[in-house]
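Student: Chain by chain, the residues run as shown.
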Amino acid sequence: MLNESKAQCRFASFRIPHSAFLITKMTKISIQQVTKRYADHTALDRICIDIPERCIYGLLGPNGAGKTTLIRILNQITAPDSGEVRINGEKLCQKHIACIGYLPEERGLYKKMKVGEQAVYLAELKGIKKAEAQKRLKVWFDRFDIGGWWDKKVEELSKGMQQKIQFITTIIHEPEILIFDEPFSGFDPINANLLKESILELRDKGATILLSTHNMASVEELCDSITLINQGKGILQGKVGDIKRQHDTHKREIIVRVDDIQPVFALGDTYNNIKVEPTDIHDEVKLTTYSESPRALLSQLMQIGELVSYKEVLPSMNDIFIQEVQSQNQAS
Amino acid sequence: MNKIGLIIKREYLTRVRKRSFLIMTFLGPILMAAIYIIPIMLALNASNEHIRIAVVDESHWFEDRFTNTEEHTFVNMPGQPIDSVKEMVKTGVFDMALYVPPTQLNIPSNAVVYSIRQVPMEVETYISSVMQKEIEDQKLMAQGVDPEIVSAVKTDVNLQVMRMDEKGNEKETFTKVQFTLGITLAMLVYMFIIFFGGQVMQGVAEEKTNRIIEVIISSVKPFQLMMGKIIGVSLVALTQFVLWILLTVVLYVGFSAFIGISNPEMLSSGTVMAQEITANDITSNESVQSILQIVHSIDFGTIITTFLIFFVLGYLLYATLYAAIGSLVDNNTDSQQFTLPVTVPLIVAIISSFYIVNNPDSGLSVCLSMIPFTSPISMMVRIPFGVPIWQVVVSVALLAGTFVLMTWIAAKIYRTGILMYGKKLSYKEIFKWLKYK
Chain A
1 MLNESKAQCR FASFRIPHSA FLITKMTKIS IQQVTKRYAD HTALDRICID IPERCIYGLL
61 GPNGAGKTTL IRILNQITAP DSGEVRINGE KLCQKHIACI GYLPEERGLY KKMKVGEQAV
121 YLAELKGIKK AEAQKRLKVW FDRFDIGGWW DKKVEELSKG MQQKIQFITT IIHEPEILIF
181 DEPFSGFDPI NANLLKESIL ELRDKGATIL LSTHNMASVE ELCDSITLIN QGKGILQGKV
241 GDIKRQHDTH KREIIVRVDD IQPVFALGDT YNNIKVEPTD IHDEVKLTTY SESPRALLSQ
301 LMQIGELVSY KEVLPSMNDI FIQEVQSQNQ AS
Chain B
1001 MNKIGLIIKR EYLTRVRKRS FLIMTFLGPI LMAAIYIIPI MLALNASNEH IRIAVVDESH
1061 WFEDRFTNTE EHTFVNMPGQ PIDSVKEMVK TGVFDMALYV PPTQLNIPSN AVVYSIRQVP
1121 MEVETYISSV MQKEIEDQKL MAQGVDPEIV SAVKTDVNLQ VMRMDEKGNE KETFTKVQFT
1181 LGITLAMLVY MFIIFFGGQV MQGVAEEKTN RIIEVIISSV KPFQLMMGKI IGVSLVALTQ
1241 FVLWILLTVV LYVGFSAFIG ISNPEMLSSG TVMAQEITAN DITSNESVQS ILQIVHSIDF
1301 GTIITTFLIF FVLGYLLYAT LYAAIGSLVD NNTDSQQFTL PVTVPLIVAI ISSFYIVNNP
1361 DSGLSVCLSM IPFTSPISMM VRIPFGVPIW QVVVSVALLA GTFVLMTWIA AKIYRTGILM
1421 YGKKLSYKEI FKWLKYK
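Protein sequence lines correspond, in order, to chains A and B. If you're matching positions, the first sequence starts at 1 in this note's numbering and goes up one per residue. If you're matching positions, the second sequence starts at 1001 in this note's numbering and goes up one per residue.
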């Protein structure tokens, strides 16, 4: 049945090899044919995403692509015009609100309220008893090194500290599903790392995490699978590794150590699609090739000198993002 | 439901703990008490002074007519030239000098008071009343009428106004009391709607500009947040209202006791004055009775019940509108175009209340007390005059119905508005929001 619905979804460039993870993992969130129109434009056009449990799923797309609208649908802030969302196989309903933790991109706190009081209030809104909320909050406050700020007013805090509090209040009810929209913005590298570790730990403990970000480096570091949305349409979907392989340009980097670099440059001229350049080290030369099977080249190089490294260079998510979005924008 | 409770609790506690709430709570009754206290304080101060007045009466009509009291002494200075008496005022021998110029044939009708400082109102009134009385008496005597007869003839007419209903029940009404009561009640409703409606608007706008809104509505429905805020603020309003009444009573009682202890002679002189009035007033018993009748004539049960109903429903209606407006606020300047349509009916209602109070049963008055946007104020003006029960019922039903309708509309606007940033909004655009799923 899932395969059937999947077949209805159109993706310009790619079909997911979903069978691979369907065997091992249940689908936590299933978004089927979700469409949302506003007065003058279509925010989401037949979006289909299956998010397996216990994974970090990246939701990517340029500004205004429809990511926030999709996230708001998951949070039941708005409802789709057509299509449906299922969580654990059940149609999205009021009770699911308690099992989602959402950190919006545009986030704030009540400035005049005390930090602790506010954190407890937000936790209570998620359905946690006051005493339990206080207990859990204390643990997280200590972990994020803001324990001393409990009785301070929010307006006295730096932006980074406010971000920490917002993160804590998002996860305090230990939800099965976490949605982070640009969680790293406003964090210094040390705290960003702390946050990253916390996110990975939450995943390992069983949470399913939807991560929306423009930070492609963190996508590569954290995400298992992604969906790329542009102009309300899903244009790319799959596991990060698979997508990279798909977009492989067969770029290979070879570094050789030779006594005399001249023969290597001469060799470069005999091949098409090859770039030879000196490196920082005087007796090493770097060759960049786009050949699918550079065996002949390799054997010749090995005769001239010593092979230092041979590396397959997959495109970065950043490159793929730009390439996919631009090609779709040109097409439309 | 539990979540609404949490929201109400937060809205209530954060507002009640604010310094501005405390200030308002104490300032309100103090201002009210000041209206009562300040005239008494002034009276106390004035009575401590003793004013000496030199009288130079060249007409010789009034020489012995002024009686000395604790407040002022009149000293006759016959034959003294007024200029030398004026000098004595300057040097402080007298506080002021009364000069009546000489008359030949005609009756004196003007006099001058010379004083370094402002002449107290009561002195002025006393002098002119004595002179008037004397001239009147003289004129009557000239006509051959005994002034004693005149004063014996004087009567007060007690005009009773009776209102009848269809069943023939009669009830005495007191227009002045109803007038004051109607305007006061209308003002109270108006002030509370403007003030606490404004608080709802600010609260919504604060959540929006703070960007906490999206965090909250991922846990609760926008409607719950909106209603929680409206109800929370309404409880703050009621708390303030009750505190005002309590504090006013405490201040009133406290101050009365304070006067009683510190100034017993003042109190006793008051009693003496009251006795004098009673002695002079033949119809004293009737006036005591009429006060009782006034109190009895006011149907406190009806007034309090209708006040609470119209106050609460009126507040709720406007609070939902204010919440919707608050959700549209991006920066304060462009919220103006949306607040105006909401404030206009309130202002119309409060201005027209001065017309209604004079014509409580006219077609326009009935109409204004039926239209839901003006009825909370207009009906309160009419209530003390007595309103047919069917009119009250229809008005309440219309108000409640409009409240439900407006809540539905406001919730739709609110839901979209709170997440809308940096977009110029038109009424056309907002109208589209009503159709969103």
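Among the clues, some could well be false.
[Unchecked claim] For lysine-lysine, the following DSBU-like pairs were computed, each having C-alpha atoms within a straight-line distance of at most 30 Å:
hint	chain 1	residue 1	chain 2	residue 2
1	A	LYS138	B	LYS1018
2	B	LYS1412	A	LYS135
3	B	LYS1221	A	LYS233
4	B	LYS1009	A	LYS138
5	A	LYS112	B	LYS1009
6	A	LYS95	B	LYS1412
7	A	LYS112	B	LYS1018
8	A	LYS153	B	LYS1009
9	A	LYS91	B	LYS1432
10	A	LYS95	B	LYS1221
11	A	LYS233	A	LYS244
12	B	LYS1018	A	LYS153
13	B	LYS1432	A	LYS153
14	B	LYS1221	A	LYS112
15	A	LYS112	B	LYS1412
16	A	LYS135	B	LYS1435
[Stated by the list, open to error] Just some of the chain B residues that point at chain A, by a computed CB distance under 10 Å:
hint	residue
17	ASN1002
18	LYS1003
19	THR1014
20	TYR1190
21	ILE1212
22	ILE1213
23	ILE1217
24	LYS1221
25	ILE1298
26	THR1302
27	ILE1303
28	TYR1421
29	LYS1435
Calculated directly from the structure, the hints in this document are not laboratory data. We treat Cβ as the ideally placed atom computed from N, Cα and C, and that holds for glycine.
Student: Of the hints stated earlier, which fail here?
Tutor: Of the numbered hints given earlier, those the structure breaks are 2, 13, 16, 20, 25, 26 and 27, listed in rising order.
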